[in-house]
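Residues per chain, in single letters:
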Amino acid sequence: MKLLIEPSNKNNIYKDIVNGLIVSLKDYSVQSPIYYSLDEIKQLKINNPQLEIYVNINKNLLNNDIEPLKDILKELDTLNLNGIFFYDLALLKLKKELNLNTDLVWSQTHMVNNYKTCNYYHSKGVKYALLGKEITLEEIIEIIKKSTITSMVEVLGLPSVAFSKRKLITNYYKDLNKESKSSLDVLEKVTSSTYHLAEDKNGTSFFLKDIINGTSVIKDLYDNGLEYIIMRGYGIEEDLFLEILTDTRNYINDSCTDSNYVTKYEKLGTNTNFFFKKTIYQVKKNG
Amino acid sequence: MDRVELLSPAGDLERLKVTLSYGADAVYIGGQKYSLRANATNFSIEEIKEGCDFAHKLNKKVYLTLNIVFHNEDMDGVEEYIKEVVDAGIDAFIVSDPFIISHIKTNYPNVEVHLSTQNSTSNYSAVEYFKEEGIDRVVLARELSKNEIKEIIDKTKVDIEVFIHGAMCTCFSGRCALSNYVTNRDANRGGCSQVCRFAFETDEEKKFTMATKDLNMANHIKDLIEIGVKSLKVEGRMRSLYYLATVIGTYRELIDSIYSNALTKEKLELLEYRLSRVANREVSTHYFTKEADETDQYYTGRQEISNQDYLGQVIEYDNETKLIKFYERNYFEVGDSLELFTPSGEVISFNVEKLFDENKESIDVARHPDNIYYIYLDTDINIPEYSMIRLIKKRDV
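Keeping their order, the protein sequence lines are chains R and P.
Here my numbering is used: the first residue of the first sequence is 1, the next is one more, and so on.
Here my numbering is used: the first residue of the second sequence is 1001, the next is one more, and so on.
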């Protein structure tokens, strides 16, 4: 099992601990703490030949994005990257049109939820799928077992919950007649849960401000043959993130047999997201 | 030249029949499985067949939404279900999952597949991808401008459908799981609890809200026709009969007026006024002419306007006695000014001169919703079942 991270600090990529990095391409990705220019990605690859490097292009693309993106994709394709995470299906069209060699990772945030659709994408040349965060561990394992695609599962980080093209923070502060900010925490009172909103020129991202602690499911994923877990550093103090990554590296190297690992990281909280919680499908049964 | 399609929602068989009667060219419905409105009444296979038979006799079409984001368990039985729906006579499926698209196009090449707005398709390359997959129509993301829609049509030549009226999502469709996290209801499988209409606490003096105004494109229908949009879609499978009759009837008149060069400024204003009388929120065109901004949202929590214009739904009209038999919906009285509108677009204005209860005893006031009443109206115009009565002006006191 390999460990990938999305760093939240360009100066600290934990290159001696992790197997690879997911870096978000500036102007063409959203819901990330930091963004990399094409030149920065080139340097990252040159300076870290031992790391698997994946580029995240997960914006809902507009017509105006397509032509400039083609040029970027051609350049990225020369870097021998390990993959491109995509949300917009334009990427499938462009890979074919430009005859790109770089592998693709199906990464449609809340949509990667069943093995048949994973198999569909695999049949279209997509090598990997980052599974949705709103499905259960049981569903994840079924996908791993039944799908031909290589699955990835996010086990640590602030869950991205929604994305709007609207400038929701700007609009809020305009109504308040105050100077806007780039981020805002809002509290949903019934559940006492806080959501972190971050706005940039592409729109507004929503994160649940409660770290997913999937340390307890890593063993199950490992035992069932998952090839990649992902940890995201956004919202986690760097020292703690370093500690988690180091321990996780050792835990994986030890075939996930050290029960102290899970006990130790109970300190990260009880939010196991939807690993053990099924969402309600129909509120009311129809006759 | 093909005329643009007016596509109506229909939450049940009655709504299907009413909206087609009021001028929709096609309706979209949900089955009892796999639809994004899990709490709508939705259609059984027998009802889908009856709806298709009804529509096809009018030379109109029925589309079925099959646009949930599938989990493993949802895949069990879906292929059999698709076959049953095809056998019931469906004209098209509205789908977001490309595996399902591929399955339908492979097995039922004569049945159309429309790409759901749940995919938030927002550029010509993505449309071209689905064109190569055999998609017949794409329902675009609601975040696009007129120029962006036009460029997609020009470059891809794929049939494009856009929303013209109804509620809007705050986030990209398919890219919002707020409902999952806040209420544990799966937004992408029909359980959306509309968390974007909640109010949230912040450190500021006012709560944070992000609720959007509704979409109303009446003033831009001509633009949409001119840039080559093929289908104009109204949102609202769970809306009332009166709402659907008013909205569909009004857009029917608007579209027909455009094609017959009869749309004057005054007529457009009248039609927009009619739409405004069934609206329960303010309206906007959102992204069509500008980037959506602070004017497209609410800031003080959910603000819904309720009006009592809807007075009754006609059961029948007796040409001998000149009595309209109807179900009452809101209080009115003798002396009020009313309008009656029919599925074929007739509008009759009149004052209530005589009003009767269910036993045809003369009364002054119709007080009780759902009760049957009679109004006297002397007219030669055909007043069929499902004609609607609305208030124009209360009597002068």
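Hints may contain errors.
Below, a list of computed lysine-lysine pairs in the DSS-like style, where the Cα atoms sit at most 25 angstroms apart [what the hints assert, rightly or not]:
| no. | chain 1 | residue 1 | chain 2 | residue 2 |
| --- | --- | --- | --- | --- |
| 1 | R | 174 | R | 124 |
| 2 | P | 1394 | P | 1354 |
| 3 | R | 96 | P | 1146 |
| 4 | P | 1207 | R | 74 |
| 5 | P | 1393 | P | 1265 |
| 6 | R | 127 | R | 45 |
| 7 | P | 1206 | R | 174 |
| 8 | R | 209 | R | 146 |
| 9 | R | 146 | R | 127 |
| 10 | R | 127 | P | 1213 |
| 11 | P | 1150 | P | 1033 |
| 12 | P | 1105 | R | 116 |
| 13 | P | 1146 | P | 1131 |
| 14 | P | 1105 | P | 1060 |
| 15 | R | 146 | P | 1206 |
| 16 | P | 1155 | R | 209 |
| 17 | R | 124 | P | 1060 |
| 18 | P | 1105 | P | 1146 |
| 19 | R | 201 | P | 1213 |
| 20 | R | 124 | P | 1207 |
| 21 | P | 1131 | R | 96 |
| 22 | P | 1146 | P | 1207 |
| 23 | R | 116 | P | 1155 |
| 24 | P | 1207 | R | 189 |
| 25 | R | 116 | R | 42 |
| 26 | R | 96 | R | 209 |
| 27 | R | 96 | P | 1207 |
| 28 | R | 278 | P | 1131 |
| 29 | R | 26 | R | 15 |
| 30 | P | 1060 | R | 181 |
| 31 | P | 1150 | R | 70 |
| 32 | P | 1105 | R | 201 |
In short, the hints are calculated from the structure, not lab data.
Hint check results:
1. A distance of roughly 46 angstroms separates the Cα atoms of residue 174(R) and residue 124(R); the hinted pair therefore is violated under the 25 angstroms criterion.
2. For the suggested pair residue 1394(P) and residue 1354(P), the alpha carbons sit about 15 angstroms apart, so the restraint of at most 25 angstroms is met.
3. For the hint pairing residue 96(R) with residue 1146(P), the CA-to-CA distance comes to about 28 angstroms; that exceeds 25 angstroms, so the pair is violated.
4. Simply put, residue 1207(P) and residue 74(R) have alpha-carbon atoms about 46 angstroms apart, too far for the 25 angstroms limit, and the pair is violated.
5. With a CA separation close to 23 angstroms, the supplied pair residue 1393(P) and residue 1265(P) stays within the 25 angstroms bound.
6. Under the criterion of a C-alpha separation no larger than 25 angstroms, the hint pairing residue 127(R) with residue 45(R) is consistent with the structure, at around 20 angstroms.
7. Restraint check: the Cα-Cα separation between residue 1206(P) and residue 174(R) comes to about 12 angstroms, which is no more than 25 angstroms; the hinted pair holds.
8. Restraint check: the Cα-Cα separation between residue 209(R) and residue 146(R) comes to about 33 angstroms, which exceeds 25 angstroms; the hinted pair is violated.
9. At roughly 15 angstroms between alpha-carbon atoms, residue 146(R) and residue 127(R) fall within 25 angstroms of each other, so this suggested pair holds.
10. As the CA atoms of residue 127(R) and residue 1213(P) are separated by approximately 41 angstroms, the hinted pair breaks the 25 angstroms bound.
11. The suggested pairing of residue 1150(P) with residue 1033(P) is violated, with an alpha-carbon distance near 34 angstroms, which exceeds 25 angstroms.
12. Our distance criterion of 25 angstroms between C-alpha atoms is met by residue 1105(P) and residue 116(R), whose separation comes to about 16 angstroms.
13. For the given pair, residue 1146(P) sits about 21 angstroms from residue 1131(P) by alpha-carbon distance, which is consistent with the 25 angstroms threshold.
14. Straight-line distance between C-alpha atoms of residue 1105(P) and residue 1060(P) comes to about 22 angstroms, which keeps the hinted pair within the 25 angstroms bound.
15. With a C-alpha separation of about 50 angstroms, the suggested pair residue 146(R) and residue 1206(P) falls outside the 25 angstroms cut-off, and the hint is violated.
16. Restraint check: the Cα-Cα separation between residue 1155(P) and residue 209(R) comes to about 42 angstroms, which exceeds 25 angstroms; the hinted pair is violated.
17. For the given pair, residue 124(R) sits about 36 angstroms from residue 1060(P) by alpha-carbon distance, which is inconsistent with the 25 angstroms threshold.
18. For the given pair, residue 1105(P) sits about 30 angstroms from residue 1146(P) by alpha-carbon distance, which is inconsistent with the 25 angstroms threshold.
19. Pair hint residue 201(R) plus residue 1213(P) holds up; C-alpha atoms about 22 angstroms apart against a cutoff of 25 angstroms.
20. At most 25 angstroms may separate the alpha-carbon atoms for a hinted pair to count; residue 124(R) and residue 1207(P) exceed this at roughly 46 angstroms.
21. Proposed proximity of residue 1131(P) and residue 96(R) is supported: the alpha carbons are some 14 angstroms apart, at most 25 angstroms.
22. Simply put, residue 1146(P) and residue 1207(P) have alpha-carbon atoms about 33 angstroms apart, too far for the 25 angstroms limit, and the pair is violated.
23. For a cut-off of 25 angstroms, the pair hint linking residue 116(R) to residue 1155(P) is broken: about 31 angstroms separates their Cα positions.
24. Our distance criterion of 25 angstroms between C-alpha atoms is met by residue 1207(P) and residue 189(R), whose separation comes to about 11 angstroms.
25. For the proposed pair residue 116(R) and residue 42(R), the alpha carbon gap of about 35 angstroms is over 25 angstroms, so the pair is violated.
26. Proposed proximity of residue 96(R) and residue 209(R) is contradicted: the alpha carbons are some 39 angstroms apart, above 25 angstroms.
27. Distance check on the hinted pair: residue 96(R) and residue 1207(P) sit about 47 angstroms apart at the alpha-carbon level, beyond 25 angstroms; violated.
28. With a C-alpha separation of about 35 angstroms, the suggested pair residue 278(R) and residue 1131(P) falls outside the 25 angstroms cut-off, and the hint is violated.
29. Of the supplied pair hints, the one linking residue 26(R) and residue 15(R) holds, its CA atoms being roughly 21 angstroms apart against a limit of 25 angstroms.
30. A threshold of 25 angstroms between alpha carbons decides the hint, and for residue 1060(P) with residue 181(R) the separation of about 51 angstroms lies outside it, so the pair is violated.
31. Proposed proximity of residue 1150(P) and residue 70(R) is supported: the alpha carbons are some 21 angstroms apart, at most 25 angstroms.
32. Proximity of residue 1105(P) to residue 201(R) is assessed by CA-CA distance (about 38 angstroms); at most 25 angstroms being required, the pair is judged violated.
Hints 1, 3, 4, 8, 10, 11, 15, 16, 17, 18, 20, 22, 23, 25, 26, 27, 28, 30 and 32 from the earlier list are contradicted by this structure; the remaining hints agree with it.
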